[in-house]
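Work out the full structure, taking the sequences as your base and the hints as a guide.
There are 2 protein chains.
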Amino acid sequence: MNSIQDALFADLYEFTMAACYFENRMFDPATFSLYIRKYGPHRGYYVSAGLEEVLDFLESFQFTPEELDFLQSTGLFSTDFLNYLERLRFTGELFAIPEGRLFFKDEPILEITAPIIEAQLIESFVINAVNLQVSIASKAARCIHAAGGKNLVDFSLRRTQGTDAGMKVARASFIAGFGATSNVLAGKQYGIPISGTMAHSFVLSFEEEIEAFRAFARTFPDRTVLLIDTYDTISGAKKAAEVGREMLEGGHMLRGVRLDSGDFVKLSKEVRRILDEAGLKEVIIFASGGFDEFEIEEVLSKGAKIDAFGVGTKMGVSADAPYNDIAYKLVEYDGRPVLKLSRAKKTLVNRKQVFRETREGKMIGDTIGLRAESHGGTPLLKCMMLGGERLSQPESLQHIRERFRAEFSTLGDPYKSIKNPETYPVRLSPMLEAAQSRTVREVRRRELGES
Amino acid sequence: MNSIQDALFADLYEFTMAACYFENRMFDPATFSLYIRKYGPHRGYYVSAGLEEVLDFLESFQFTPEELDFLQSTGLFSTDFLNYLERLRFTGELFAIPEGRLFFKDEPILEITAPIIEAQLIESFVINAVNLQVSIASKAARCIHAAGGKNLVDFSLRRTQGTDAGMKVARASFIAGFGATSNVLAGKQYGIPISGTMAHSFVLSFEEEIEAFRAFARTFPDRTVLLIDTYDTISGAKKAAEVGREMLEGGHMLRGVRLDSGDFVKLSKEVRRILDEAGLKEVIIFASGGFDEFEIEEVLSKGAKIDAFGVGTKMGVSADAPYNDIAYKLVEYDGRPVLKLSRAKKTLVNRKQVFRETREGKMIGDTIGLRAESHGGTPLLKCMMLGGERLSQPESLQHIRERFRAEFSTLGDPYKSIKNPETYPVRLSPMLEAAQSRTVREVRRRELGES
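Going down the list, the sequences are from chains A and B.
Heads up, the first sequence is in the working numbering, so the first residue is 0 and it goes up one at a time.
Heads up, the second sequence is in the working numbering, so the first residue is 0 and it goes up one at a time.
No wet-lab data here; the hints were simulated from the structure.
Quick reminder that beta carbons are idealized off the backbone N, C-alpha and C, glycines included.
Hints should not be assumed to be uniformly reliable.
A short list of chain B residues far from chain A (calculated; beta carbon distances all over 10 Å) [to be verified]:
1) L54
2) N150
3) A164
4) G186
5) K187
6) M197
7) K268
8) K313
9) S395
10) L396
11) S408
12) Y414
13) A433
Here are the simulated DSBU-like cross-link-like pairs (lysine-lysine), alpha carbons at most 30 Å apart as the crow flies [claimed, not checked]:
14) K361(B) x K268(A)
15) K304(A) x K345(B)
16) K104(B) x K280(B)
17) K237(A) x K265(A)
Structure below.
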């Protein structure tokens with residue numbers, strides 16, 4: 000884990016609320032639900048990711064003496080409360096949708112039930128961890144869909160928002176089906192295949208472009224991809240073809256060329272022709288530079304001769320939807336269902352479950368119900384932690400990736416369209432509807448004096 | 000420092016290029032320049048930030064045995080090269096624009112000169128560190144300008160892209176003039192004032208809203224800010240006024256109320272009236288929920304009675320410009336100026352300096368010139384590292400913040416407009432222009448056969 004796993008990675012209000020709960024001896028169980036309230040632009044589904052990080056954080060949650068000293072130095076907290084924090088561990092339960100599964104707006108990705116102070120203090124970390132990886136896995140899944148089987152490589156490291164994101168983007172995009180990452184550390188830490196060859200600086204550091212190509216081919220005779228747009232793509236392609244022929248004579252095969260700028264449709268066709276005419280039909284064309292699902296779909300629909308894409312910044316920051324309307328909301332306290340009254344921001348009360356129905360191998364609709372109810376379909380939220388302890392070992396990334404691949408193939412294409420997808424049917428169970436209406440009526444009566 | 004300071008935090012191509020440089024005994028000094036090629040939407044200036052992180056990384060740069068084992072396991076690298084990496088440290092020099100200063104498109108934020116392998120291997124980390132903090136400091140500066148003196152608090156932690164970003168957003172927004180952050184860990188690590196009181200969950204966990212207010216006021220009698228929109232803002236304001244009166248009777252003062260949804264202009268005026276009529280003129284109105292520079296300017300221009308803003312997600316991910324067109328480009332190798340030929344993506348050759356001219360206390364224009372030339376104005380790039388060693392101690396955040404405040408006040412308002420700002424004048428010195436043209440001609444002749 001590379002993220003900051005620190006119990007002070009929290010908003011101050013979590014501590015001031017906790018201090019007040021402590022003063023008032025409020026230690027009853029609270030259930031918080033994490034969910035996305037509204038689809039981002041062109042979004043119609045999300046991919047669960049980030050859970051492993053949450054489990055890790057919860058299991059090791061505790062305050063160090065240095066952290067407690069800092070809290071004391073703020074002058075906000077009583078010694079009693081600080082002593083209480085010193086002993087505090089996370090003792091609650093966690094239900095969550097396993098990583099790699101699809102989920103939709105309003106569906107709880109995870110629900111935590113714990114004494115209210117514990118459930119409250121972990122809020123910011125939990126949202127932060129899940130929000131990032133869900134954003135990226137979902138954006139990456141859209142790229143995978145647009146690429147229709149072409150290989151995609153994560154090239155985003157340099158422009159992700161910070162180093163933690165650099166790692167998590169590699170992880171989340173691999174879950175969604177990317178074939179490799181340029182990020183060496185992600186290769187080491189997550190076992191993701193790593194990919195990369197040369198930058199423009201490499202070509203520039205030699206007196207002539209073709210000398211740069213030859214030098215690289217000498218060092219990596221069996222895995223050379225030549226970047227050919229430093230001076231002019233067509234002229235670069237011709238030099239690459241020349242070096243490719245030289246390599247063939249030496250018993251090696253140029254693996255590919257990379258285009259990084261210009262009109263990808265036109266250039267890729269011309270470069271393909273140059274390579275083919277040189278007898279280099281096996282040499283692949285790799286493209287990078289500003290790609291995301293929209294650009295990938297566009298160039299492929301226009302017949303670009305591109306075999307694989309480096310997908311960088313726009314995926315790595317989810318540029319068209321750099322955040323989600325994601326919330327971690329109290330839905331039950333001491334057995335009592337609770338909710339905020341707000342037309343725009345709906346909360347669904349009580350502990351819940353999501354039931355997924357399939358027919359003939361296709362997903363046909365989800366129902367959000369109460370945790371306790373029986374319902375048709377497969378329940379998505381699994382109990383992953385009880386009494387503060389994980390119930391199972393971390394899953395392998397390959398396993399999560401395979402789970403995604405399998406489920407994504409059961410989601411119909413209209414729901415996956417990268418522009419204006421159809422809305423996947425998600426309904427509330429009659430029991431949840433009833434609990435919801437009852438709670439709204441009761442709150443309006445009590446707080447607003449309505450009858 | 001919270002970021003991952005790991006020498007493998009790099010793109011694989013940095014290592015494959017390095018291996019090839021090593022094979023070819025290319026150890027000559029290379030200069031790389033980091034700069035923004037194009038203004039993002041409505042952007043007209045940038046704030047330098049992230050440098051401290053870069054200095055830290057460069058000074059401690061080295062490979063651990065475990066990292067070298069991983070590199071070996073890839074099968075890509077020779078034992079000689081791995082032995083070379085084992086001994087490798089950063090021995091170069093760094094010129095940079097100090098944190099907190101303004102800079103503009105095309106101007107180098109930093110230039111690194113080092114043996115080419117060293118200068119290349121650090122690429123991804125350097126871009127990542129500077130890109131994030133520049134984005135956020137610049138977005139935050141725009142918010143500060145829009146707020147015209149109102150206090151702003153960073154509320155973004157939960158939705159920043161990862162944990163590293165959570166910390167860096169607090170730091171960068173403080174540099175740009177934010178008064179506090181909700182991020183407790185940033186308070187501890189950076190000494191930034193921390194701020195926060197209660198969430199909706201707090202109100203919900205009590206049987207009645209007014210009981211939640213009273214409980215909080217008992218625990219924090221001198222720093223209570225009540226969140227009043229859980230059920231209905233006006234009804235919440237009346238209850239807050241009631242509790243405010245009770246506090247007054249007990250000799251305490253309600254500090255403020257917070258609005259978090261709805262029509263902020265209308266609601267803030269009504270809430271102000273309710274508070275004033277209750278004799279609570281000192282109680283401030285704090286607003287949060289979807290604010291960035293555009294919303295702040297809009298509500299203030301419509302006369303909203305808001306004293307301070309919590310600025311969250313949109314600032315914390317720089318939502319309208321979640322990445323910069325930032326590049327780290329080779330500009331000189333072994334004394335030879337180099338550049339990519341590309342109309343859209345200009346590189347300025349050679350080691351450079353930026354000269355800033357002011358008149359009557361106002362910035363009037365910058366000139367990008369060669370490092371070695373003499374020119375009017377103040378040179379912005381300072382030598383911060385020589386022979387791999389820092390030349391001075393880290394600056395305090397307060398000092399950097401003050402540097403920003405002072406310089407920002409010398410930038411004219413037309414350049415700061417949050418929509419369609421005027422373009423600040425940046426020109427190239429005649430010597431740089433000449434070096435640039437000469438290099439372009441020479442490259443076109445050599446690589447494209449032009450005469």
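Exercise for the section: Taking the numbered hints from earlier one at a time, note which ones the structure violates and give those numbers from smallest to largest. Expected result: Hint check: 3, 4, 5, 6, 8, 14 and 16 fail, others pass.
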